[in-house]
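S.K.: Sequence:
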Amino acid sequence: MKLKKLLILSFFLMIAVILLSSCAEVQNIEACKTGHTYGFFGGLWHGIIAPVSFVISLFSDNVAVWAINNNGGWYTFGFLIGVGSLGFGGSKASR
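Under the working numbering, think of the first position of the sequence shown as 7, with each following residue one higher.
Among these hints, one or two may not hold up.
What the hints assert, rightly or not - Now the in silico label distances, taken between C-beta atoms and shown as ranges: (1) Asn68 / Ile14: 40 to 46 Å; (2) Leu64 / Thr40: 24 to 30 Å; (3) Glu36 / Lys11: 23 to 29 Å; (4) Asn75 / Ile24: 29 to 35 Å; (5) Phe17 / Thr82: 30 to 36 Å; (6) Leu9 / Asn77: 21 to 27 Å.
What the hints contain is simulated information worked out from the structure, not anything from laboratory work. Predicted model, so just to flag it, every value in this text is computed and none were measured. All C-beta atoms, glycine included, are put in the ideal place defined by N, C-alpha and C.
All chains should be modelled from the sequences, with the hints used to inform the complete structure.
M.R.: In structure tokens:
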């Protein structure tokens, strides 16, 4: 019985999220694409500072975690390496 209630609650929560997010305004990003195009090293730097950028982006509309104007795969590769470099020591077993 608990599982059924949980499924029903989850279903209605999912419907509410879909309905509320469907009202989101579409942003025009063409104005962002006129500046500097970021490549591998830009992505690497943005990946390293991603946690700080995320916290600042919660309070400011002028800061983003991901550069819109990037060159594609190389920027993404650099970003992932930068974010991955933050996990130093996470795989070491405690003794």
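S.K.: With reference to the structure, classify each hint as holding or not holding.
M.R.: Structure-based check of all given hints:
no.	hint	in the structure
1	Asn68 / Ile14: 40 to 46 Å	holds (42 Å)
2	Leu64 / Thr40: 24 to 30 Å	holds (27 Å)
3	Glu36 / Lys11: 23 to 29 Å	violated (47 Å)
4	Asn75 / Ile24: 29 to 35 Å	holds (30 Å)
5	Phe17 / Thr82: 30 to 36 Å	holds (34 Å)
6	Leu9 / Asn77: 21 to 27 Å	violated (48 Å)
Taken one by one, the earlier hints fail for this structure at numbers 3 and 6, listed in ascending order.
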